[in-house]
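S.K.: For reference, the chains in residue letters:
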Amino acid sequence: MLLNCVAYRDGGRLADLAVEQISDHLALPACFVWVALRDPSPQELDAMRREFDLPALAVEDAMRGHARPKVDEYDDTLFVVMQLIEFIGGEVNLGEVAVFAGPNYVLSVRTGSKQHFLGVRERCEREPHLLKLGAGFVLYALMDAVVSRYLPILELLESELEGIEDRIFVRGTTQLNIEQLYALKRKVMVLKHAVSPLLQFAGRLYGGRVPAVCAQTQDYFRDISDQLARIDDAVDAIRETIATAVTVNLSMATVEASEVTKRLAAWAGIFAVATSLAGIWGMNFEFMPELKLPWGYPAALGLIGSACALMWWRFRRLRWL
Amino acid sequence: MLLNCVAYRDGGRLADLAVEQISDHLALPACFVWVALRDPSPQELDAMRREFDLPALAVEDAMRGHARPKVDEYDDTLFVVMQLIEFIGGEVNLGEVAVFAGPNYVLSVRTGSKQHFLGVRERCEREPHLLKLGAGFVLYALMDAVVSRYLPILELLESELEGIEDRIFVRGTTQLNIEQLYALKRKVMVLKHAVSPLLQFAGRLYGGRVPAVCAQTQDYFRDISDQLARIDDAVDAIRETIATAVTVNLSMATVEASEVTKRLAAWAGIFAVATSLAGIWGMNFEFMPELKLPWGYPAALGLIGSACALMWWRFRRLRWL
Amino acid sequence: MLLNCVAYRDGGRLADLAVEQISDHLALPACFVWVALRDPSPQELDAMRREFDLPALAVEDAMRGHARPKVDEYDDTLFVVMQLIEFIGGEVNLGEVAVFAGPNYVLSVRTGSKQHFLGVRERCEREPHLLKLGAGFVLYALMDAVVSRYLPILELLESELEGIEDRIFVRGTTQLNIEQLYALKRKVMVLKHAVSPLLQFAGRLYGGRVPAVCAQTQDYFRDISDQLARIDDAVDAIRETIATAVTVNLSMATVEASEVTKRLAAWAGIFAVATSLAGIWGMNFEFMPELKLPWGYPAALGLIGSACALMWWRFRRLRWL
Amino acid sequence: MLLNCVAYRDGGRLADLAVEQISDHLALPACFVWVALRDPSPQELDAMRREFDLPALAVEDAMRGHARPKVDEYDDTLFVVMQLIEFIGGEVNLGEVAVFAGPNYVLSVRTGSKQHFLGVRERCEREPHLLKLGAGFVLYALMDAVVSRYLPILELLESELEGIEDRIFVRGTTQLNIEQLYALKRKVMVLKHAVSPLLQFAGRLYGGRVPAVCAQTQDYFRDISDQLARIDDAVDAIRETIATAVTVNLSMATVEASEVTKRLAAWAGIFAVATSLAGIWGMNFEFMPELKLPWGYPAALGLIGSACALMWWRFRRLRWL
Amino acid sequence: MLLNCVAYRDGGRLADLAVEQISDHLALPACFVWVALRDPSPQELDAMRREFDLPALAVEDAMRGHARPKVDEYDDTLFVVMQLIEFIGGEVNLGEVAVFAGPNYVLSVRTGSKQHFLGVRERCEREPHLLKLGAGFVLYALMDAVVSRYLPILELLESELEGIEDRIFVRGTTQLNIEQLYALKRKVMVLKHAVSPLLQFAGRLYGGRVPAVCAQTQDYFRDISDQLARIDDAVDAIRETIATAVTVNLSMATVEASEVTKRLAAWAGIFAVATSLAGIWGMNFEFMPELKLPWGYPAALGLIGSACALMWWRFRRLRWL
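Protein chains in written order, with the numbering used here: chain Y, 7 to 327; chain G, 7 to 327; chain R, 7 to 327; chain P, 7 to 327; chain F, 7 to 327.
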């Protein structure tokens, strides 16, 4: 589905184009065309391929979807693939934005996600002095928009982790914690796989040799790279913390098991004393003088009770009870 | 066993050749020879070596089999080894495809696997404008076919992992899970060893200095490399998830053990109370007035029953029962 | 808030400037301007941007805050971001210093921290022969001050770790240890994230190609880098030790659990013997000759006592009790 | 001990030499000398040093032994150290082969191992066209022989691992498995330390800048490198599998412990029921009407038996018994 | 404290110098000065700085001490810091040697350690042809002496590890093992931090571009580097083995806990049978015919005894007892 197809000149909007006008406008001097597609049909993509003369392999990639984030260079065209992540009620929805950035055009193709980028176009049109920089700046603006959307996801994951940490040493939460840590780990890996390859490729868009499209906007791409590096660091920190938390949780499970055994041992001991003593006075020997005494029974009860109380008190002091 | 031996010119089929005609056709201008062998005898391979003037060491490698995936360069000949993986009922079958790609020929040698590559030849013959690119394109088509066959294997492993994850927190599945995680880990390592070295070598077939054979088809090899990188990432993600799952499973085993101990402790306590009380009234003291009371027995039974019920209710509330 | 705004010439103080005088003094030959801001308002930063002609993206970064430590090069201006760490009663407070270092000026912007850098200015003014080196030396002095403040934090973390290690093999401290190890781990990661990226970037300020600002003070920046490397190494050592300590703690929890079970087993055995024997003599068979013996009861008591004592002694020898 | 000392010309055997003739033959054009020593005395090595004019540091290294595998370049002489591994009844025997390869000589020094290399000389003499390549080919042949001997060791380790894997989920083998995994790990590390540094150094013998000795036999050294890479990969795979197996084994130990506790709990419960009931009918209340009934005793026995049977059946269904 | 201050010419001892003569002798052609200090006062170091014209930052570093091992290059002066390790009764003593090596002088500064380097000077003076190489050779000799002293430490750690390994599968040593493994780990990390950075820096003293001081003694520094690499490898091997041993120890703790539970279960079962049977015959039913039988009691005792014996025998066969 075609979302926008606009020609710009000197940073200002020239005209909304029909698809078949694109190639004509590309031929105009100082003219810049910016097209946005959403979940395009093969026919639409093919029309674009012809109008923009896009590299066939890249178009195939955009069509196929589910690619790894990457920045591929085809002669003077950059092909950038980024992932869009949505967590909807525990489920992960992975969308994709593929951007073709040539000398005087940008084509963005969004698939499988409801996140739109209208704001990017508006922002660019409000800053004609930057839009004048052409494809490089638009590519930056799109990448910046995608990367900015990783930040709330990162914050969500960090706050989930904090939630787990708040109760990791609370008794009886072992299984809940381990389940949530495992679920969190999976979400973190999704973000990791969106960010890490992109960070790696973004490093090629500034410093050293740089694709022609990005030559004038290197500082902007370094900014993107800095942000990606920060997210990547934070993601790695979460992963390391999860790994530690899982082991800590295992320790807590062992500690809890040990405490249960202590309680079991303490009560077993107390009742065993009572039962043993009662058993002894339940023996059938003929000559057991204490059995004849009038205060024998209360004394026995008292002895049994005292023995149990004494043990209870000792176990209490040992913190077994 | 010789599968095919065909000469092409300008992307079109020229003739089916006998083995001894190969060297003659290699001498023809603009002629391109594509031969496919399967589980060849040493004699067959040696004949090929003479016809194509193949490097001796590479031929030895292809004969020996069980090599690590690699891309070796011998002057103007590329020698590529890839692994073919089949999981047949829990068993792993590892086959191999070795490809010799020279300036105007491709020789593919498949060993130990039933996966054939007829489709590759058909696809190439349907696209003469690409087949015209010669050895580089055929090599790409073969590598692409092999790599594409890793994808369903990856999906299989991912769905096995999901199957385990679905019940990792279910009671009583600890041992089953750990057995299946271990088996899965082994399969994942097989895929890893097929993909990782190939990814490493594929990086030499585009960008920077490139073997002559691949010079015109660099974009295609980058595509291969992208796909391998994606599989490699996914394999690493599975490995990391398995490692986490193994620890999580250990935690679950500890939690389960702890729960069993809790139940043991609870029931032991309840019966210990009953036994102690019964033991006390079983003592043989002469003066135990309650023993004479007509309602003494029912009252004792009631007391024992109430004590047990009270304990049962408390353990229930503590979630020990 | 503007803290200082001073012009220097030949290493000596020339004059305190008002903000709007800055650009005039920058135009003077051999004049060097050093400005310090604290938690500046956007207006203040913007004024600075105009006076110093700072790169817009870097100013945005400084305004936004919470950046990853880094050293960015914009033409002849270096933009350095460092983190200031304070642990206040278990809470972490993360501040930031951003430094713009141009050919003849340094602007430092401190946000979110109470740590001031007056000492740095005093030290520089006391050493005019070094201050003469200009922006490079002031940048070094600021970085040195920040890095020096990481050292007491490192020592704090190391002494916390030693505190935990002192009692890691003491019975009954398992949970305390694991809680403190976890808390320590989090603090260590904060320091790690302040130090590691800075170490990486500091490597670009000496040896090989170096930003013009640092050209004459490379040895100083290598010194910074050495110190950062030492802290980074120490941090990694703490992390590795924590990881080992967590596992060791788990072992200790298991050992403790095992010891509790041993005690439980020992006492259960001792009482079970007493109860069994008492039960046997409590049986109601008519012909149990020992029951008739006058010394039967004391003998029985003696036997029960001896059996228990024997078992106690054996368990003692086995170190189960 | 001098094993062989032979001069070759044009790939053919010229003469067996006495030690003091070596330097004379080295001076002859197109003459190539190949000497093999075994556990040489310092005097023998020193004589060699003088005859071949070997670098003193390398000779010291060869004398000292126990070096890390390496390839050192001294002007036009290559000094290669490789390890020979023998597992004799659980014990590891580490020998060493040091090879000096100069422009027209090869000197191999074997120490601490009974593995001889006669086969290498025979093979080389059977292939004069290759032996003509001189020191580079002989060095390759020696390295190839050493590396080939790592293969059966690798297979031994892999089959030991499989042996452990076959019973890792069998009850009651936990300790045996962990002992064998630990022993296997140690053996694997021995192989790792022989292979890894050699692989690293072998990479310098082909591609890019290459020592003069190896210039004409680069393809052969790449072959060595490929084989080493394969062994190294396999060794890493074994290590990773061992790590997983150790954790899996720990899980199995926990699962087994949990099963023992379940059985304990089940039987404890069953007997506790019997004891409690018996205790109740053993109470001495006067009015316990069921005690007077003629069928009271069999009924009680039946009730106790049924209760126990019921519990046994329930535990059975829960798979606790 | 000044230990030695000697001028050499042509590898021979020229004269013992007073401190203030140093700069005069440095000006003499072909003269080489070698000074050794121990725990110097700031005044002594400052005198040296003036005589040798040492870089101020390096002198500060040497004064401050506790630096990370490193090799810093200041124009034509090399500044090398190495650590001296002593384990004295479980305590670690970390000393330091800082070496300044210029074109015609070497100054070594030892702090915090009793290990002296007299042997190095003696060895150098015995080999005038090597001493003639000047600062490069003396630096090598000092580094060689330091590195050689790491070897016995490594052997100590390896033999400690073997001591632990010898009893890691012995019952009842779990806690001892884990304590010693943890202590060993700490010592290993001390050695690691002395060796690893030095190895890294040593790689810059041979091959490629090399500081002028080391130009003629590159082979020697490669030798140092080889030795360091060997120690570093061995240290990493110990670390990996410790990590495995810690996990193995945890497994053994779990296995032991499981065995204790088995014993507990077995004895609990045996006594429970005895108690239950005795309880049954202790019931007060009127019609229990067996109670009247003259051989009833011995038969009951026999039955109880047999039941217990049977269970004992079964548990024995199950290896629970």
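A couple of the hints might just be wrong.
[What the hints assert, rightly or not] Pairs of lysine to aspartate or glutamate, EDC-like flavour, derived with a Cα cap of 16 Å:
#1 G/K76 / G/E66
#2 F/K193 / R/E185
#3 R/K198 / R/E265
#4 Y/K76 / G/D238
#5 G/K193 / P/E171
#6 Y/K198 / G/E246
#7 F/K198 / R/E246
#8 F/K198 / R/E171
#9 P/K76 / F/D239
#10 P/K198 / F/D45
#11 G/K298 / P/E292
#12 G/K193 / G/D150
#13 F/K193 / R/D238
#14 P/K198 / F/E185
#15 G/K193 / P/E292
#16 F/K198 / R/D238
[Said to hold, decoys possible] Chain P residues, not near chain F, derived (Cβ > 12 Å throughout):
#17 N99
#18 F175
#19 S202
I should point out that these hints are in silico values taken from the structure, not numbers from a laboratory.
Glycine included, each C-beta is placed from N, C-alpha and C at the ideal position.
S.K.: Confirm or reject each hint.
M.R.: Evaluation of the provided hints:
no., hint, result
1, G/K76 / G/E66, "holds (14 Å)"
2, F/K193 / R/E185, "violated (25 Å)"
3, R/K198 / R/E265, "violated (39 Å)"
4, Y/K76 / G/D238, "holds (15 Å)"
5, G/K193 / P/E171, "holds (14 Å)"
6, Y/K198 / G/E246, "holds (12 Å)"
7, F/K198 / R/E246, "holds (12 Å)"
8, F/K198 / R/E171, "violated (20 Å)"
9, P/K76 / F/D239, "holds (13 Å)"
10, P/K198 / F/D45, "violated (43 Å)"
11, G/K298 / P/E292, "holds (6 Å)"
12, G/K193 / G/D150, "violated (22 Å)"
13, F/K193 / R/D238, "violated (19 Å)"
14, P/K198 / F/E185, "violated (28 Å)"
15, G/K193 / P/E292, "violated (73 Å)"
16, F/K198 / R/D238, "holds (14 Å)"
17, N99, "holds (17 Å)"
18, F175, "holds (15 Å)"
19, S202, "violated (8 Å)"
In summary, the numbered hints that this structure violates are 2, 3, 8, 10, 12, 13, 14, 15, 19.
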